[in-house]
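Peer 1: Chains as they are written, first to last, in this note's numbering: chain W, 18 to 390; chain B, 15 to 249.
Hints were generated in silico from the structure; no laboratory data involved.
Some chain B residues near chain W, calculated using beta-carbon distances under 10 Å: (1) 71; (2) 80; (3) 102.
What the simulated footprint calls covered on chain B by chain W, stretch by stretch (three residues with Cβ under 8 Å from a Cβ of chain W suffice, anywhere in the stretch; the number is not a length): (4) 125-136; (5) 179-188.
Every beta carbon over 12 Å from chain B, so not counted as near; a handful from chain W, in silico: (6) 267; (7) 272; (8) 279.
Virtual Cβ for every residue (Gly too), placed ideally from N, Cα, C.
Below are the chains, spelled out letter by letter.
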Amino acid sequence: MVNAMKKIQKRNLIVILLSLALLSVTKQPVHANSADQEGPPYRYYFPLIFSNNTQPALSDYYTTSWYMTPQNVGRTYQMGCEEGRKTSELPGIQDSLVILDYGQPWSDGIQFGTLLLREPRYDLNSTNDIIIYTKNYINGYMACSDGVSKIDVGIGTTNFAYYINGVCTQASWYCTEERAYAHGSAWAEMVRTVYNWVITSGYGARVKVSGATDIELSWNYAHISNKWVEGFDAHDNNQVIFYNFGTCDGCPTRLSPNPNPDLVYDWTFPLVHYAAWRAAPAWPIPEIYAISGINARQWAYLSKWGTEQGYSRMQFLSAFTQYQACLSTPGDTLCPLLNNTPQQARQQLLTETNFWPQTALTNIPWMTDIDWP
Amino acid sequence: MMKYKFELIFFTSLIIIILVLLLNMDPVRGANLPLKSTPAGMLTVQLQMVQSSLQEAKDPQEKIALQEKMEAQQFALNVQMEAQMRPTVTLKEICANRVPVPQHKAMVEGGIFEVRDDFLVSQGIKINNMFQGEMDGTLVEVYAGSSLDDPNQGLVILAIDALGVWLRVFDPSATGSLQIIEANGSRLSLQTITGNTRLYFDIPARQFVDSVDAVVPPMDLPVAKDLFLDPCQGK
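For reference, chain W alone in the conformation it holds in the complex (with noise of 0.2 Å):
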């Protein structure tokens, strides 16, 4: 009775071992993350979780980009060396993106460049002082970081120019064509001369320099802002381009769909869609502000919208935030609802441009968070 008992007991572990080892043998892989799947639709896998409101994976890597203001344009190599140090502190080689915000364009009649922000004067901050500030931030990084990571570095202006009821001010300077063309074409030439700096100084394997522009459509008209990318574009020798950092303001989503819509100023679909995507040089990495994601929505919404006039879809590189900046200013009384962490936003645009087949990305590959110094 007790050796049948033993033969019984022996026979059901040799079954659960054999069930055991066919599991694992026959078990796949299989790729939970978006990012190792080959493309959407993606497949989840239970149990999961699903919530609008998770907290970032501090493995999550996202740059610093900067607002440039009187206060830290004298430190950029320090600014750069603290980038740098991020790739040293992290497994692996790091391929980002930083945006250096100079402000909005300005000349003195002799030099281009812009107004700093936080700039109570109209003391210009020329492309040669740009320049300089520019070349130390690389300067840092490349003294502080790991030796294998790369980075590119946009240079960074805005179409802001101030206006009273619709009018330009005898205070503002960016409110022609004629202006914003030459703006924008001096803009690539700065670009170009910081790229042509990075290449003889032999940094070309680990930085690239680009342009950036925060083209917000309440801050000026179509006409005048797409002045500025047509500039660049003609003088940028296709070597280098620029990232658009913008707005969609007003702009219908899939909520409120209206293919036509009226825009603040003189801005059209068309114009938005050529000024960051359709303009040779522009790479959309739009602000993703909004917590009810409502900007990823637009930006989504304006992708699905080229599709349908026979353009392709927009590929977006990265979402842009201001998470650190909100951090920064705690009497910002719009930052709590506009303060997505970078790990929230790029969700947001994943999940908004793969609500449409013909808009869904794989991946959006960068991070970058802005702050106030």
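Chain W is already provided as a structure; the job is to place chain B on it using the hints.
Peer 2: This is chain B only, laid out in the frame that chain W set:
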């Protein structure tokens, strides 16, 4: 015989399980991992993106633009590949490549000044005027105005560029937009633009005070951000 047969099956199964577990440690791959950066390099990724866009585009103008997009990325990729074939730059070379930074703001005579019309407007603030002066060898600026959303919410901003200080201080009485009318050393006299209320701001204490001679303890200034570990020091 039965005993050996059992042991043979037992150990064979165990080895298979261990081998499979070792080879396949994380069967749900990616569930707990961050998104990959881009092993192929972003330039390659961008080129692939443009190539796929070219296949989709029907508009002839867009096709030309996409060709140009591709050209720019190909240029950068060529730069990258050529640079990879050369010797890596040394830290010494990088350090020697530093560029002297121009002084953005010269130390100017102190006083009360106008500001540009759109100063801080894009950040939701209307500034009426500013004070500029030197304290302990450092340039200090104070801007006075109000929130654009609520013109009654007066405020000042203390800016010390060299120390990276940018501090917004709201007027607790919130009786109107502020302007600076007088500077007595490090204490500023302000009033609302309607002229109804007068108050004072103490720069070292970074706070509003009730009178021109009220005593308040100064706050410590932050350590200058320049004090960082520079790998180029001594190179």
